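Chemist: Single-letter residue listing:
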Amino acid sequence: MKEITLTIDGQPVSVDGGDSVLDAAKALGIEVPSICSHPDLPAYGACRMCVVEIEGVRGFPTACTTPAAAGMVVRTESETLRRLRENTLELMMSGHPNACLVCDYRAVCEKHKPAPSKAGTSTRCGLCGNRSECDLRELVLASPGRNLGLPTIYSHKKVERDDPFIERDHNLCILCGLCWRICDKIHGQPAISIVRRGKEARIAASFDRSWVDSGCTFCGACVDICPTGTISDRFAKWHGHPDNKILSTCMLCPEGCAFHEMTEDNRVVATRMTGFQPENRLCALGRFAYPQLLQDRHRLDRPLLRESGELVPVSQDEAMEGLAATLGDFRDGSFLLIGNDIELRETKQLYRRLARDVLDGRCLFMAAGAGSADLPEEVADAIENGTIRAVLSAGDYLSADLREHLDFLAVIDAFPSALSASADVVLPASILAETTGTFRDAAGDVKGVGPALPAPEQARPEWHWVRDLAQRLGADDWKRYRYAPDVTRTIGDDPAPAPLRTRPRDSVKESLPERFRGHFIADRVPALRAFGLPSTPAEETGADKRGFLIRKKEEIAPNFHSFVVEAREIARYARPGQFIMLMAGETSERVPFTLTDWDPEEGTILFIIEETGRSSRELCALRAGDRIAHVSGPLGAPLDLSGADTVALAGGCYGIGAIYPFAKALHRAGKRVFVILEASSHFLMYFEDELREFCEEIYFTTRDGSMGRKGAVHDVLVELLQSGDKRPDAMAAIGCTLMMQMAVEATRPWSDVPLHVALNPIMIDGTGMCGACRVSVGGETSFACVDGPFFNGHEVDWAELNSRRGAFVQVEVEAMPQNGTLAAHPCRD
Amino acid sequence: MIDAPTAHSVERVHDVCRRFGPDRENLIPALQEVQETEGFLSPDAVDVIADYFGLSANNVYGVATFYAQFRYHPPGRHCLKICQGTACHVQGSGVLLDAAERTLGIRSGETTEDGEFGLEELACLGSCALAPAVVLDGVVHARQTPKKLNALLEKARS
Amino acid sequence: MEPTPAKSESKKPKRPARAPRQPMPEQDPRRRVTNFEEVPRGYTPELAMLEASRCLECKKPKCVAGCPVDIAIPQFIGLIKEGKFEEAAVKLKEQTALPAVCGRVCPQESQCEAECILTRKGESVAIGRLERFVADYTLQSGKEEKVVRLPSSGKRAAVIGAGPAGITVAGDLARWGHEVVVFEALHLPGGVLMYGIPEFRLPKHIVQHEIEQLRRLGVKILTDHIIGKTQTVEDLLKTEGFDAVFIGSGAGLPMFLGIPGENAIGVYSANEYLTRVNLMKAYDFPRHATSPVRASHVITVGGGNVAMDSARTAVRMGAKSTVVYRRAREQMPARVEEIHHAEEEGVDLQLLTNPVRVVVGPNNRVRGVECIRMELGPPDESGRRRPEPIEGSEFFIEADAIVVSIGNRPNPLIPRTSPDLKTTRWGTLEAEEESLQTAIRGVFAGGDVVSGAATVISAMGQAKQAARAMHRHMTGESAPTPEEIAAKLAGPNESD
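Residue numbers (my numbering), protein chains in the order written: chain L, 1 to 829; chain G, 1 to 158; chain R, 1 to 496.
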């Protein structure tokens, strides 16, 4: 019986003693904005968004920290409250990059580019992996005024990328405290805390240690609760909002923790705790290694049969025929099945029965984390002395020596190994989220697994293989095991698996099982090496010391890195408008970048790279003194604007550096140059002084109005075109596709003034040999790398260009490195 | 450049803690006492204190760093404190701080590699007539300039 | 004419020439579609000697006439017969710069083997396989080839392009004592050998070995260097101090069909498709960062070797693979062996079929191709029967990737930046038939840039011709023969 009755916005509501005013409002379905409150955490009162008016109470108390009292009269909406909340939001957002939220073109831009760019640091929503999940963004978009008048102060904090699995960008942190509070609740003591104070205040571990050493168990609660993109899951980050959530049970160890599998296009991209209580916590393997295990690139995915000495892919039928035919010879007690103790009960049941009942052989289940060295001695002896002659192994459980002794080996597994390479038959297995059935944990409880997600190619659940095999061996009645419950019914009181001696959910050091199905888990998920998990040493690929020396390298604005590189020939022959193709290392992509400047005497070139994906990240991770493996150019047709007397040059983002060579050359040739620069916000502007030197007048536009005027380059272009004396004879606009497209649209009434745009399609070679960069201009197909990259903006088929640029979006997400910074770069000396 | 604590000093820290009951309200007095005896808070010291109070080291570090009074580097043989009060500020204490940081090669709050000098900022000495003032090893020096300061440091070194 | 049985075969009951052609051990088709390893495994020494023993060592060998570089075929095969593999290699290398490559990619069935006398009654001697065997044998022996090079002549030659033609010219000129610098636009030398021909037909370590031999000869190879964008051809002669220039820039400009929808996402030139996988190793994504093409059904348009390479690459990348070719099987320019391999690997050949338009779905992505059936009419000017569309026979093939593999033209960069060079209307460089000299004195050209897209061996043949002409241009003398080189080096004045 709820004992306290109060009135909120004129409506009565009754709540329990101890409930807050915020709880009461929720009970009525009234939405009071809040960032730092959470149903599973005690009130904190940090964000000050949930302020309300209470009759008889001075000021504006926060609803979350105010206990509901009988007879209270509360108002959650008023003009004053609205203003207060707006001011609070404004202050909050003054420390959080927000240009996209106030940009007039946000909707158009997000439609134009549905996936955010995979930037190094998120300087706005369009560059943020949290965009589809961000609570802060939702709050701002829901706020009626959205008058974020204060300029963003960007903290320029270094993104923390060295820890496994979790990345942290403190430039986005609003100090709501949810992360350390949930850590405190779940673990009893937080692995992170707010350190220092004032503008130095930050989330960190003791003495700024790596989270690997701070006691963090990598349960991912902080990742899941963070309302901004500050703490993120490196693997899942760019996959966007998961489209489905499946409640299931983890089978990586005998604990059998419940969790949600978050899927994107039927593939698991992350897992989440089922609640924010201590008992819901997951371990590093279940939370972070799980998706990577499932999406391992080297999964066994088709049945293999050894023919004439070689393993050959065959159909399922052929594999089953071959297997059944051979196993028929080993029904004299010489057969052994080695299964996994941590497995679906249905699989184990049918394994037992296949081994004992159908083949009159033995069955052995290897414990969690076991490997070939853990094979019981009597079994090893039996193999050596020929008592056991045929084995079906559901993992990497036999040493090469032991394998030699066998007459026949079949392996049913998800990952390749030396053992599977030596087998006579290999069957690809579905694992974990790809299976459905029941699982008995170490405590003896039976839990559900599934529903099953698709497995790669021809991999199937193990009990399916076993059922079909048994039928071919004469067990006809096994055909009634059509679905998992048909098998479940037949299982009585099967034994629980042995518990682990360690507690993976409580620590990442010396606590996580090292193996899965006999394989080193760290071989499949290299980031686990940071926890000390053993892995097979990788082959040393010698660092290639050749390449183009970086003389200077500097981050001149967040995500924008300027490079001065030795490239004598390019420096000699470069002309404005040309570009270079870069390969950071021998395994990198070839990527185009505009040449900003060059010094023929020094033999150096200067260019600016915006970090927005794998290849730019590889390049931006290099330092002065390192070498870029390949720099080739100068490519493209140079653009000669010297025919005009008055030129307007507009550059946005990476375009700012790209207009520099034009400004320099034209100004020196005595032309009138007007420079217009665009950036999302003031802290992203760069090269102002360099460009100021080479123009008559420089204009700044920012999407949030924090520098110059609020708007885009096309606003100024139109102004110049309309002015009498400053009307340009030629214009160039360089920036993202939308910026250039909008410039073209806005200047259409003046299409007699040529507007040159630098098209940016995907390129492979950059020399005209592949056609990947083909664009439609004036109804004809041109190669941007040889006929361009500059074309008349009014003739470009923008829709086609834009769609072709998005051809590999999904693949590019998968290319993102999973091991933190590329510290061991092949080009690093 | 944090001194590697010896087992000896870890025990000492533990002894200090034991002078207080392991209640949360005693955390700050305990931290202050440890800094008093050890001269600074090392990572190991923080671990010991955290353990004693049943808190995580991260929690304790969070509390300690909130306050300006705690040091995380061992104090130098010589301690230079530069007053940042209003009068001193107006008279150029900022320049003095820059000079000190450059000469010693460390930032405020740190200690030089050789352990000779520790550098700190003081909120206010209350000696405005002496602005800009510094305190070196407990002795106040008035109306400093970068040149005079460097000379002071040189003298102290020898 | 009764052949005299070779001495080593006197024990065999069957006459050697009647023995059938020895089959080539190959990777099982079911296995090889999951990997990029080489398909033909190569003869063992026993198989090689057996096959070699089939050769009649004709006094007037017809096979040599069929070889674009006049390899002394009966002689090298004779040496194989006797087990003298290393000597066979030396014999081969007198005429061919890249035996390990040509043994694999030459269309022997229309060259030497077509002329072999044994074709009258059965299958020709497997000359290509024997060439490959000898070349591989020396490669695998690990023994370093002797560097045979005349002393420095004081002359410098520039070679543009490190493809088959460029490599051949560089090797010959370097052996004759000239200083050679090769300018290569891409980041790896090898040209079409690296970016075009897949790993499963030509393992890259072989190409790298050949490049290494060039380096050992003292040839300097500058990658990432694009002549025409940096120096022009004239600059090389006038200001960079070269005495002669060879243009071997190949035919890398892809041709498209010009049908509607060709700019949709999912339509690739064969160059792009193969460069992603071969040169940039997209099959090893994400270790290699270049994005692979992910498609469930790839349609390759074309019937040449490049089309077969694309179709077979598609299979290995996990796609269903169909080839659409407008003429009939007999007219397919591809090597018979590659067509055969493609079919073994499950590639579906839709012959006498021509694409009409690319069907584009939402988001500008390929949904499939509308094709039309063809029938062969009377021959056209090339002598081949012209295909003509059968009215009303249009049909739709669903697919998510189209690879256009209908041929390449030379890249126009060099003629554009050296307007004195004359080009034909197909974009190829005009060069004198004998000397392969272009309109600019001292500038020679050979390979695909002159002939249009052709074979590795024809590029090599032209390259050898051009090298001889360049030597004459630089020194006024005829290029030395292998015997003359050996004599010079063996003599008392030898200094190397």
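Hint data in this document are derived by calculation from the structure and do not stem from the laboratory. Nothing here was measured: the structure is a model prediction, and the numbers come from that model. Hints are supplied without guarantee of correctness; some may be wrong.
No farther apart than 30 Å at their CA atoms in a straight line, the calculated lysine-lysine pairs in the DSS-like style are these [stated by the list, open to error]: (1) L:K545 / R:K62; (2) G:K81 / L:K199; (3) L:K199 / L:K237; (4) R:K281 / R:K238; (5) R:K155 / R:K238; (6) L:K545 / R:K143; (7) L:K245 / L:K113; (8) L:K447 / L:K158; (9) R:K143 / R:K220; (10) R:K155 / R:K488; (11) L:K185 / L:K158; (12) R:K220 / R:K84; (13) L:K545 / R:K320; (14) G:K81 / G:K155; (15) L:K552 / R:K220; (16) L:K157 / G:K155; (17) L:K726 / L:K158; (18) R:K488 / R:K84; (19) R:K146 / L:K545; (20) L:K157 / L:K552; (21) L:K113 / L:K185; (22) R:K488 / R:K220; (23) L:K113 / R:K281; (24) L:K664 / L:K157; (25) L:K545 / R:K281; (26) L:K158 / L:K113; (27) L:K158 / L:K710; (28) R:K220 / R:K238; (29) R:K281 / L:K237; (30) L:K199 / L:K710.
Chemist: Any hints this thing doesn't respect? Which numbers, in order?
Modeler: Those not satisfied are hints 1, 4, 8, 12, 13, 16, 17, 21 and 24.
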